[in-house]
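Residue numbers (our numbering), protein chains in the order written: chain H, 1144 to 1524; chain P, -8 to 343; chain C, 36 to 351.
These are calculated hints, taken from the structure and not from any lab test.
Hints are supplied without guarantee of correctness; some may be wrong.
To be verified - As a list, the in silico DSS-like pairs of lysine-lysine whose alpha-carbon atoms are at most 30 Å apart:
no., chain 1, residue 1, chain 2, residue 2
1, P, 255, P, 275
2, P, 136, P, 97
3, P, 89, P, 136
4, H, 1518, H, 1481
5, P, 151, P, 235
6, P, 137, P, 89
7, H, 1243, C, 251
8, P, 137, H, 1481
9, H, 1265, C, 122
10, P, 142, P, 89
11, H, 1318, C, 122
12, P, 255, P, 338
13, C, 112, C, 124
14, C, 112, H, 1243
15, H, 1194, H, 1265
16, C, 124, H, 1272
17, C, 242, H, 1312
18, H, 1312, H, 1272
19, H, 1518, H, 1485
20, P, 235, P, 89
21, H, 1243, H, 1272
22, C, 112, C, 122
23, C, 112, H, 1318
24, C, 112, H, 1272
25, P, 151, H, 1518
26, P, 275, H, 1518
27, H, 1518, P, 255
28, P, 151, P, 136
29, C, 251, H, 1194
30, P, 89, P, 102
31, H, 1312, C, 251
32, C, 251, H, 1265
33, H, 1194, C, 122
34, P, 275, P, 304
35, H, 1518, H, 1318
36, P, 275, P, 235
Unchecked claim - Chain P regions said to be covered by chain H (calculated; three or more residues, Cβ under 8 Å):
no., region
37, 18 to 27
38, 126 to 140
39, 190 to 204
40, 249 to 255
Source: prediction; values computed, not measured.
Each residue gets a CB set at the ideal place from its N, CA and C atoms; glycine is no exception.
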Amino acid sequence: MAELSKNDEQEATPNVSDVEVVDAHSETEAVAAIEAPVDRGEPILQVRNLKKHFPLTQGILFKRQIGAVKAVDGISFDLHQGETLGIVGESGCGKSTVAKLLMNLERATAGEIFYKGQDITKLSGRALKAVRRNIQMVFQDPYTSLNPRMTVGDIIGEPFDIHPEVAPKGDRRRKVQELLDVVGLNPEYINRYPHQFSGGQRQRIGIARGLALNPEIIICDEPVSALDVSVQAQVINLMERLQDEFNLSYLFIAHDLSIVRHISDRVGVMYLGKMAEIGSDEQIYDHPTHPYTQALLSAVPVPDPEAREHRERIILTGDVPSPANPPSGCSFRTRCWKAQDKCSVETPLLAVPEVFMGVDSPAAHESACHFAEEKNVVHAA
Amino acid sequence: MTIIEDSVPVPAPRKGGADDGPLLEVRDLHVEFHTREGVAKAVNGVNYSVSAGETLAVLGESGSGKSVTAQAIMGILDMPPARIPQGEILFRGQDMLKMSGEERRKIRGQKIAMIFQDALSSLNPVLSVGYQLGEMFRVHQGLSKKEAKAKAIELMDRVKIPAAAARVNDYPHQFSGGMRQRIMIAMALALEPDLIIADEPTTALDVTVQAQVMDLLADLQREYNMGLILITHDLGVVADVADKIAVMYAGRIVERAPVHELYKRPAHPYTRGLLDSIPRLDQKGQELYAIKGLPPNLLRIPTGCAFNPRCPKAQDICRTDVPALLPVSEQDGTELVGRGSACHFWKETIHG
Amino acid sequence: MPDVTKTDVQTAVATDGGATTPVAAPAAKPEKSRSLWGDAWNDLRHSWIFGVSAVLILLLLTITFFPGLFTDTDPIKGDLAKHFLQKPKLGHVFSADWLGYDQQGRSVYARTIYGTRASVAVGFGTTLAVTVVGGLMGMIAGYFGGIVDSILSRLTDVFFGIPFLLATMVVLTSFPDRTTWVVIGALAAFGWTQIARVMRGAVITTKQADYVHAAKALGASTPRIMFRHILPNTLAPVIVVSTISLGVYISAEATLSFLGLGLNGVSWGNDISDGGNQIRVAQWIMLYPSIMLSITVLAFIMLGEAVRNALDPKLR
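Throw the hints in and build the complete structure from the sequences for me.
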């Protein structure tokens, strides 16, 4: 059993289940554990109390730390096999840092990331390489995520160069062409360069690269926000089809709440490095209990002026505070209309609020608010 | 702390300035860019007009020519490579394209102001916000330093920047994205222009801040009875504030309509496709409708209707004849005021 | 997934093809594979600056490698009795007495032709050495950052602060036998800082690109990331600086030779120095090597300009 650090209260809830830690004594055992299949719906990736603090330093030669930007400040969640978990939040809430931590592109300050029971923050060598093969990423900006000096064939084929065991050398060209076909591009484009493609086509190339190693998890960091509206739908549909075809689990990070609702099975809402609320898409969108989620949902522009006029709007005042200097207690309290003295003293924990404890209602899901109450802001009142 | 409004009344389209004609009228505007690969036709015959107190939203994707049109109005296109082979831009009846540089400069800033998407790069990082705001008054109205500063504080108050007097000497980087965009708005408002052009004013902002900025813009517009051209790609943002909408595709206006009409009954397959392809917050569908294909290459705009390779309704005529922007009517022939569609099959699209 | 998706994707395929080869113009040739280097080369070919400088540089290289094609006269052996300070006979194009003789009775034409080799060798040699050393320093400092960067950057600053010519002169005075290698070494030892700075800046920018993150996420090794992803994307500014500095090193060599600290042997700088003493009676001794030197430096600076125009996407 894993030691679940400080968040023991959450163990009972469905979003964070127990971690079955695999004690691997050798690299081979670790690789074997990583290669083992996971049943659909079982947790495949478990994040526990993950933190990333970027030190703020002063001085050129003799640097000293004067503070820290708490980009991610203790979040926990599970990703189940075959599902899409959406993470929403405003800029600076730490959602992209979560993606980088999960990809091992940044080192976590604290906390664990269990992939099939192995803490990947502690892996290295062969085992880490095996994890990398199974967790892939699709980036936000299709204009900077492809090397402009490489052909499409080299870009999509690069995963095979790094992991030669996946495809024998003679087979690679065919594999790359297959991948191009899978993402809806002409296989004859293999010798072209990225600048010869439009944004939507480039994003398809990025997705093909992500699929090359046959991964189990794909982390998507704002995969469509840089695309034109008419192309976004194509890419979203493609991603949904690929999920079914290749049995993928998605962690879908975005700021666009409508797209997240469309693609996700479960949704987590982040604010200032913490998870404010997490639950199924229905729980979050139709029965939000955290005031931040409610404000966020009510602020989404709806392309329907009539529905718009009948909707309640909550307009938050002020801006997101700096993560270098977050408010005490509940970090949302400076913009919250419900805030009371308690909020500045006591940090609310992410758990099913007491009022909903034992209540059989969609509102009974984890929400980090002292004064959680249900409010339907999406549908016309 | 927070304002909860039960319903936000959307201003009814006003017939502002009906007596003295529209504030700004763009007639058959063409803009092309000469590049190494050939001539990119960015704007191909755009017509629109804005009256005082009216909000026109110009909606389009990247490459639709929506921003280029605005830059042509402001006179801030780089020429060359850009060229305006034909067209007129009438401000209060006078063609700005025929004016001298000096005359245009007078209109720009004093009569027409622009708000850009990226507030950080539009503000000078080494000058304080108060100085930059005050500069408008010093240069155009010859006020003293002290008076200009007082005016700057007043403006910052008006765009609801908290503690304006204390922050007037701060530098742009000390403000958050939303606050910077407010400063941009304040700057545009400084000389109380007749018309404001806002190019994607909220695209770089977070949702919760977007709503604040859009509301501010709408309030100020009402207060000053200004004309507003709102350029955006976001169908949701438009729905909130616009009176009428012009949808652009490949440098042409393909549809125009009062805001409610457009969303209820689009008369162009492109508009319909766009509306269908955005996921809705209050519905969870199985699959999104996707407009097939890619936005056109401006160097090689398809013949006939530019949308024909992507259109589900395309027939032979669409590949040969360019559809004109024609008035749209009800099935019984009564004309729908302010509506137009550039589709050979608009009847089928709106009534079908 | 329902069948709808399948057909949807197929139409996407069809239209993807249609967009690059527009339906409207079926006669148009399908777009070929075009690399960024290919685009730059295409630009270069159409630039007249490049044309002029390329012709000049080709000529200089031919002279360097085959001086015998241009003159039969020995540049070292002179006939004092016959040719002492003989005036040029400009009518005798390309013959030994075309550009006159110096105070030791040696043909100025032959010396100018044979002097090319020294200049070009030092120019190319130094540029190569500087690019490799500076490039490596810049790459390591930029890629690893932190303490490595601090140390290497301070080292670069120290070297950058030393006056370039003065330092090379000090070094060269301690070498009695100044071969091409010695001169290249001395110039390169103090010349690498500019390339290192350019490279470091380019590497730091490129390092943050998403494609580098993507490669790391795939588990790519450090050499792979450095040489396959970062290097090709940082080369452009380095090539521009290198090409321009080629001309600079050629003139530096001439300066050193003029001061008596350059190569032992035939070189333009030595001749300009010798000619300086005779400037009142025999201007031609100094004039012709100077003209060649100016043309050579100009040719490389023009080449650098043309390459910059072709490689810098911002100017497009």
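Task: Those earlier numbered hints the structure runs against, lowest number first - done: Result: hints 3, 6, 8, 9, 10, 11, 14, 16, 23, 24, 33, 35, 37 and 38 break, sorted rising.
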